[in-house]
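**Student:** Given next are the chains, with one letter for each unit.
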Amino acid sequence: MTQPSPNMRVAGDSHVGKVRTTNEDALIIEPRAGLYAVLDGMGGANAGDIASQLARDTIRDFVLHRRTALPPKALLEAAITAGSSAVFTAARRHRERHGMGTTVVACLIVDPAHAVIAHVGDSRAYLLRDGRLSPLTRDHTIVEELVERGLLAAEEAERHPYKNVLSRNLGAKAEARIDTLDLELGPGDRLLLCSDGLHGYAAAEAIQYLLGSGDAPEHVAHDLIELALRGGGGDNVSTIVIEAPAAPPSSTQVVRTSGATAWWQHRHRFLEVASDTGLTRNPIVRGLLPQEALELVAASLCQAIYHDLEKSTGVNVWTFAQNLAAGWFERGGEWKAVRGLIDILGTSARTVVHDIRARDAELGYLLDVAVSRSLIVIELALGGLLAERLRQVDSDLIELQTTGADTAEHDTLETIEITERPSERFLDRPTIPFLRPDRPVTSAGESAEVLHAIAQAITIARGRLSPRAELAAQILIALEAVATDRGGNFAAAVLAARELYGVRPVDNAGVMPLFDAFDKARILTASSVHQLRAPQAVRARVLRALSVAHQRLVGATTGLVLEAVAPFSERLREFQAVTNELREAVAKAERRRADLERRFATIVDPSLPWGARGTTEW
Amino acid sequence: MPDTDLAEAMRVLRDEVLDTVSHGDREPPGTEVFEALLRALSIGGESVPGLDLSLHDAVARRLAWGDSEESVLADAELVFDRLLVSVDRALRDPADQMVVIEAATQVAVTVSRVVALAAVARAGRDRAARMREEMSHQQLQEVLEKQKATIQRLEHELTQDFR
Numbered sequence: 307m308t309q310p311s312p313n314m315r316v317a318g319d320s321h322v323g324k325v326r327t328t329n330e331d332a333l334i335i336e337p338r339a340g341l342y343a344v345l346d347g348m349g350g351a352n353a354g355d356i357a358s359q360l361a362r363d364t365i366r367d368f369v370l371h372r373r374t375a376l377p378p379k380a381l382l383e384a385a386i387t388a389g390s391s392a393v394f395t396a397a398r399r400h401r402e403r404h405g406m407g408t409t410v411v412a413c414l415i416v417d418p419a420h421a422v423i424a425h426v427g428d429s430r431a432y433l434l435r436d437g438r439l440s441p442l443t444r445d446h447t448i449v450e451e452l453v454e455r456g457l458l459a460a461e462e463a464e465r466h467p468y469k470n471v472l473s474r475n476l477g478a479k480a481e482a483r484i485d486t487l488d489l490e491l492g493p494g495d496r497l498l499l500c501s502d503g504l505h506g507y508a509a510a511e512a513i514q515y516l517l518g519s520g521d522a523p524e525h526v527a528h529d530l531i532e533l534a535l536r537g538g539g540g541d542n543v544s545t546i547v548i549e550a551p552a553a554p555p556s557s558t559q560v561v562r563t564s565g566a567t568a569w570w571q572h573r574h575r576f577l578e579v580a581s582d583t584g585l586t587r588n589p590i591v592r593g594l595l596p597q598e599a600l601e602l603v604a605a606s607l608c609q610a611i612y613h614d615l616e617k618s619t620g621v622n623v624w625t626f627a628q629n630l631a632a633g634w635f636e637r638g639g640e641w642k643a644v645r646g647l648i649d650i651l652g653t654s655a656r657t658v659v660h661d662i663r664a665r666d667a668e669l670g671y672l673l674d675v676a677v678s679r680s681l682i683v684i685e686l687a688l689g690g691l692l693a694e695r696l697r698q699v700d701s702d703l704i705e706l707q708t709t710g711a712d713t714a715e716h717d718t719l720e721t722i723e724i725t726e727r728p729s730e731r732f733l734d735r736p737t738i739p740f741l742r743p744d745r746p747v748t749s750a751g752e753s754a755e756v757l758h759a760i761a762q763a764i765t766i767a768r769g770r771l772s773p774r775a776e777l778a779a780q781i782l783i784a785l786e787a788v789a790t791d792r793g794g795n796f797a798a799a800v801l802a803a804r805e806l807y808g809v810r811p812v813d814n815a816g817v818m819p820l821f822d823a824f825d826k827a828r829i830l831t832a833s834s835v836h837q838l839r840a841p842q843a844v845r846a847r848v849l850r851a852l853s854v855a856h857q858r859l860v861g862a863t864t865g866l867v868l869e870a871v872a873p874f875s876e877r878l879r880e881f882q883a884v885t886n887e888l889r890e891a892v893a894k895a896e897r898r899r900a901d902l903e904r905r906f907a908t909i910v911d912p913s914l915p916w917g918a919r920g921t922t923e924w
Numbered sequence: 003m004p005d006t007d008l009a010e011a012m013r014v015l016r017d018e019v020l021d022t023v024s025h026g027d028r029e030p031p032g033t034e035v036f037e038a039l040l041r042a043l044s045i046g047g048e049s050v051p052g053l054d055l056s057l058h059d060a061v062a063r064r065l066a067w068g069d070s071e072e073s074v075l076a077d078a079e080l081v082f083d084r085l086l087v088s089v090d091r092a093l094r095d096p097a098d099q100m101v102v103i104e105a106a107t108q109v110a111v112t113v114s115r116v117v118a119l120a121a122v123a124r125a126g127r128d129r130a131a132r133m134r135e136e137m138s139h140q141q142l143q144e145v146l147e148k149q150k151a152t153i154q155r156l157e158h159e160l161t162q163d164f165r
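As given, the protein sequences belong to chains A and B, one line each in that order. One point on numbering: in the working numbering, the residue at position 154 of the first sequence is 460, and numbering is uninterrupted. One point on numbering: in the working numbering, the residue at position 68 of the second sequence is 70, and numbering is uninterrupted.
In short, the hints are calculated from the structure, not lab data. Each residue gets a CB set at the ideal place from its N, CA and C atoms; glycine is no exception. It is possible that some hints are incorrect.
Unchecked claim - Only part of the chain B face toward chain A is listed, based on derived beta-carbon distances under 10 Å:
# : residue
1 : V14
2 : L15
3 : L40
4 : I45
5 : P96
6 : Q99
7 : A110
8 : L156
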């Protein structure tokens, strides 16, 4: 037999109650063997407690001595049979103990995921799983047996005068009839073994509430007894609460709790490594005191990583990288400096993770993965910014080339006769293939400054968006495309709206999420515009451009909804037309039938005057 | 400028934005959008989407009077565009402009949402009506079949009697 898990938490308690003078209940709490039981003795002249104690000792000794010899179920059955035999024999030997007996409900923990439950009499076992309490045993009472055989209705059983009279117990015969049950235990499951002093005086709902309260088993066992006492305490009451080990926390939970805490505790180490590896000498922080540089850059990243670890997101790190690099690029800074700084910060982060790993390999490993992900998010954010910059360069080059070509062509016309030459415009050649934009990068109406600010606002908004808000993220991309569209017409909005609309059912559940996402994107972009570090006039232009784009996009999307709805009306009209045709056909047939019946009537009754024939009955 | 003053400032632009001159005594199309904008500016801040019941009501009333969803949407767009032009011209302070633009976008988006909701609801009604029509077809077909049988029987009996 496998040893029960040391993580299994067990506690038991017993109380004489408010009416009885002796406690005839007995408990077995034997963690070494994984054996737990509640026994409720019965019989006059103090024999009840003798029966329960005798059975308790016999069962416990049997299991302790033979636990390796028999399989769990057989072991428990044999132990209870031995207990019954012992009580039976003792009762026969002593006249004054004649008729004594005991109930038993026992649980043998085989391993953390497997238990065997056995019972005789009306002591019960309950299982609490996922907050729901379910009984594992059925009372061995005469009334219950009658109900089971269909001789008594369940409602009648509740009111039956013999509802507490046992049909089975230990001691009545040398061999008891035992009910056993193999039980698979789940993580966090709780088992309750109790005598009828609990379930006879406390409601099942209250038992469920206390058992599911999450309090430690010793508190629960005690509280359950309090509950029975408050319910009257008319009998001895005993409880044992067994709690299976909880599921190990997921790696995400570990990172969120222990990982984030460990990271934060090592923040000074992070700053120290950053300082040692030359962060304070980086051109980006030139002009700042070393401590200021460390606080502004290293401590900010350290904090951003901490928040992302806590929430399992990359939002804070993304924003950090965007702010850092965007600010530097705006000042005309070089890429090399950003690269150098990020490398320093990366080294610092890895050193901290290495330190944590040396102390706690498992946590260190999880943290390594999480921090590496944060570093990748930084690279992605930088990549996005670089792409924006390259687009800008590409656009400037296109403009330059176009102007140059026009001038060259003008000169050529003046000096030389027109010659056929293949068009080699810069525009026609892919300069940076992966950035060759389907969407134009400049707008006729907006300056480069405003366009740049639009891109920035969208980037900020994207950074603040939850990773799960995919639709809103798509809307932000579409907004940027529409706001920076050179044509300034509806085409870009319609194209973007079609992409957003995709395929969705024409009902509230299909359409409303789109509008909810539009609202989310609108609120986000508006607040992101306010965060831009640009003159207010520029911000107003940006907000205007984005608002117009938003309105166009939503309008186009609503147009698509109307488009999707139109077939319903058309189909209805078609059906209505068919209905009208059918009605006309029915009316025509009705007229024909009436005509025939009139003719028929005149034939049947020729005495009718011609003028009145056929009209009397209509 | 406080938002209530801003609402007053915008109220002055009513004729310009709604182009009331072209519509004489009639209520100019898109009035509901302008009124909603004034309400949004008076209240200030962000409202829960779709909570502007007056706007819902106004759009629903227009639809009930027979205006198409497309026309409601087009009017809203027209008012929005005119509004932006007027704001550029009439409000000097970019901060004020931003407040009005935000409110106008919110209203425009709400109108779209209301129109889309109305259209989806109409689709539901049309779908149900079509099913009723289908049932009518079935019943009418059955009646027609019975009538045909009766007519055939009567024609046959008439021929027999004449014989």
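**Student:** Against the structure, test the hints numbered earlier, and report the numbers of the ones violated in rising order.
**Tutor:** 1, 2, 3 and 4
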